[in-house]
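Undergrad: Which chain is which? The protein sequence lines are A and B, in order. Residues in the first sequence are numbered consecutively from -10, following the numbering used here. Residues in the second sequence are numbered consecutively from 561, following the numbering used here.
What the hints contain is simulated information worked out from the structure, not anything from laboratory work. Cβ atoms here follow ideal geometry from the backbone N, Cα and C, with glycine treated the same way. Treat each hint with caution, since some may be false.
Claimed, not checked - In silico EDC-like pairs for lysine to aspartate or glutamate, Cα to Cα no more than 16 angstroms straight-line: (1) A:Lys384 with B:Asp598; (2) B:Lys697 with A:Glu44; (3) A:Lys17 with A:Glu152; (4) B:Lys720 with A:Glu39; (5) B:Lys720 with A:Glu44; (6) B:Lys703 with A:Asp12; (7) A:Lys391 with B:Asp598.
To be verified - Negatives, chain B to chain A, calculated, CB over 10 angstroms: (8) Leu568; (9) Ser573; (10) Ala584; (11) Pro612; (12) Ser615; (13) Asn622; (14) Asp675; (15) Thr682; (16) Ser683; (17) Lys697; (18) Leu711.
What the hints assert, rightly or not - Computed, partial: chain A to chain B, Cβ under 8 angstroms: (19) Glu36; (20) Gly133; (21) Ser144.
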Amino acid sequence: MAMTVAEKILARAAGLPSVAAGDVVEPKVDLAMSHENAALVINQFQEVFEGTGLEPTIWDPSRVAIIFDHRVPAESPKTATNQKKVREFAAANGIAKFHDIRGDTGGICHQILPEFGYVRPGYVVVGTDSHTTSHGALGAFSFGIGATEMASVWSLGFAVNIEVPETIKVVVSGEFPPFVGAKDLILNVIGTLTAQGANYKVLEFHGETIRRMSTSGRIAICNMSVEAGATSGIVPGDEETVRYLREESGVTDPIPCVRPDADAQYIRTVAVDVSSLVPQIACPHTVDNVKPISAVQGTRVQQIVIGSCTNGRLDDLAMAAGILRGKKVAQGTRMLVFPASGRIFAQALEQGYVQDLMRAGAVVMNAGCGPCLGVHEGALGDNETALSTTNRNFKGRMGNPKSEVYLCSPAVAAASAITGVITDPRIR
Amino acid sequence: MAKVIIALGNDISTDDIYPGRFMATVLPSETPQFAFSDRTDFNARLRAREFPAGSIIVGGENFGCGSSREQACSTLKGYDLTIVARSISRIFLQNSINLGLKVVLCPTMEASEGDELEITETSVMNKTSGKAFAQVKMPASRKGIMDAGGLIPYTRTLLKARR
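Work out the full structure: start from the sequences and follow the hints.
TA: Now the structure itself:
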């Protein structure tokens, strides 16, 4: 039977010759990722074993990854104590894929997993973070789950009662115009599909534009697939996937890629030609409130944010540094930059991007989730507006329900930092 | 029969239900105090336990969209609330089932604050407006976990059987 990428991966992981959308399976998990919320996972995991007479034992510690990123370094004694508890648990349970608060091997979970070669094409990846969809960029079936579900995975090694999702095929053609890229593409797709248009479904990305796209761009589009409600976003593994894993992640073992069958069943096909795409902005307070930049140009912004699991990679920082080099961040506007990982931070230093950004007036912070989810730093004041390369603009997202967040690409964020108002990077 | 204590629109996010700044609080016993924190009046009334167990929150489309934070479910479970929504975001729905938070999917649901609803196996009757709304049947895969009392007891049974 012809299968999509998600169906092929789930069939393999469930030990079945084939599966179809709607089937219920129990796929073996290849990688189970958590961040600080491992503190809750640990609590639930211990509860699973209560009264069983069994010692709480992780099915396979080598398949568990824990990365501190949401509140690094800790902003409160409560967080620090949770992190301490997780750190001790990781040591006691032999979790080698544990990434503590460090400048070399630390960073955002959705950057660390690809960077360290933990994710491979064909894997089933679960993570206690909704943006776990990111790892579909490497041809995996990767989806977000809650902490209790993770406790179940730690106990059993498989996910229970997973309904095989239907797949929407997104075919992307054309060449991006200058200063338009992957972020504009995914914002445009979310605007078209709406915030729940892909709920319970997979977005499988195809077309010449995707084939030519770097893994960094692919991570951005798979990352934000969840903003259309998707269970997972997938770019089928190809030469670029293999190149990335070999060159960037140092993977040396074979990397088989999973491709969909030619006659696989898709419930819908969405075609996008990016050659005429303009910079896209997601306006407050929903991610699908997407408009062309001309509709909001000139809107005053007090805070510019560049970073996150969506847009904190080296090419994003290079774009921002290129625009800001020799320029200054506008008075009355503050610019916060947080690289997605310690490695990216170091590379950006070597390339001089960090210096360019700092000389322009940007504050470059340590790698981590930063202001994105309003739990740690970079909160907004009452009636302030942020323009951010992050992934969500829900009311209160950056820590203050009396503020507004607009989402954009790194190019738009950097161009707007110079003027203090939302600015089209193509016509500076 | 139970009363609708708040009727909400579409795309109510997990940031609405449980703002990110309280995410360092993880234990289900401690999360209820932060339910709908940014709707200060509603939060105060919840904390004062003005509403009896089984009271209903009505949502529109895509209820619980956004983060995978389980606190968004445990915070509502702490008040034994029932969620009736036109549609529910995938992770929130799964978390609700896993934690035993009662959720009802009703694609055409119409209700206002103060309405009295009667929830049966297959429908939701709005006693105030006199209209009945069909429920989406919960797939057997999810019902198994609900019937076990949540994912922890469900997993415990599997664990004992397989180890």
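Undergrad: Decide, hint by hint, whether the structure agrees.
TA: Cross-check of the supplied hints:
A distance of roughly 9 angstroms separates the Cα atoms of A:Lys384 and B:Asp598; the hinted pair therefore holds under the 16 angstroms criterion. The straight-line distance between the Cα atoms of B:Lys697 and A:Glu44 is roughly 38 angstroms, outside the 16 angstroms bound, and the hint therefore fails. For the given pair, A:Lys17 sits about 14 angstroms from A:Glu152 by alpha-carbon distance, which is consistent with the 16 angstroms threshold. With a C-alpha separation of about 11 angstroms, the suggested pair B:Lys720 and A:Glu39 falls inside the 16 angstroms cut-off, and the hint holds.
Distance hint between B:Lys720 and A:Glu44 is fulfilled; the C-alpha atoms sit about 12 angstroms from each other, no more than 16 angstroms. Distance hint between B:Lys703 and A:Asp12 is fulfilled; the C-alpha atoms sit about 15 angstroms from each other, no more than 16 angstroms. Taking the CA atoms of A:Lys391 and B:Asp598, the gap is near 9 angstroms; set against the 16 angstroms cutoff, the hint holds. For B:Leu568, the non-interface assignment is confirmed: its Cβ lies about 12 angstroms from the closest Cβ of chain A, beyond the 10 angstroms cut-off.
Taking the minimum C-beta to C-beta distance to chain A, about 4 angstroms, the non-interface status of B:Ser573 is violated against the 10 angstroms cut. Annotated as non-interface, B:Ala584 brings its C-beta within 10 angstroms of a C-beta of chain A; the closest such distance is 5 angstroms. In this structure B:Pro612 is separated from chain A by more than 10 angstroms, as the shortest Cβ-Cβ distance comes to about 26 angstroms. Listed as outside the interface, B:Ser615 is consistent with that label: its C-beta sits roughly 23 angstroms from the nearest C-beta of chain A, beyond the 10 angstroms cut-off.
Listed as a non-interface residue, B:Asn622 fails to keep its Cβ farther than 10 angstroms from every Cβ of chain A; the least gap is roughly 4 angstroms. The Cβ of B:Asp675 sits about 24 angstroms from the closest Cβ of chain A, beyond the 10 angstroms cut-off, so the non-interface label holds. Residue placement check: B:Thr682 keeps its beta carbon more than 10 angstroms from all beta carbons of chain A (closest about 21 angstroms). For B:Ser683, the requirement that its beta carbon stay farther than 10 angstroms from each beta carbon of chain A is met, with the minimum near 22 angstroms.
At roughly 13 angstroms, the least C-beta separation between B:Lys697 and chain A is larger than 10 angstroms, which holds for a residue marked as non-interface. B:Leu711, annotated as away from the interface, has a beta carbon of chain A within 10 angstroms; the closest lies near 5 angstroms. Restraint check, A:Glu36 versus chain B: the minimum CB separation of about 5 angstroms is within 8 angstroms; hint holds. The interface hint given for A:Gly133 holds, since its Cβ lies 4 angstroms from the closest Cβ of chain B, which is under the 8 angstroms cut-off.
For A:Ser144, the shortest C-beta to C-beta distance to chain B is roughly 6 angstroms, which falls under 8 angstroms, so the interface hint holds.
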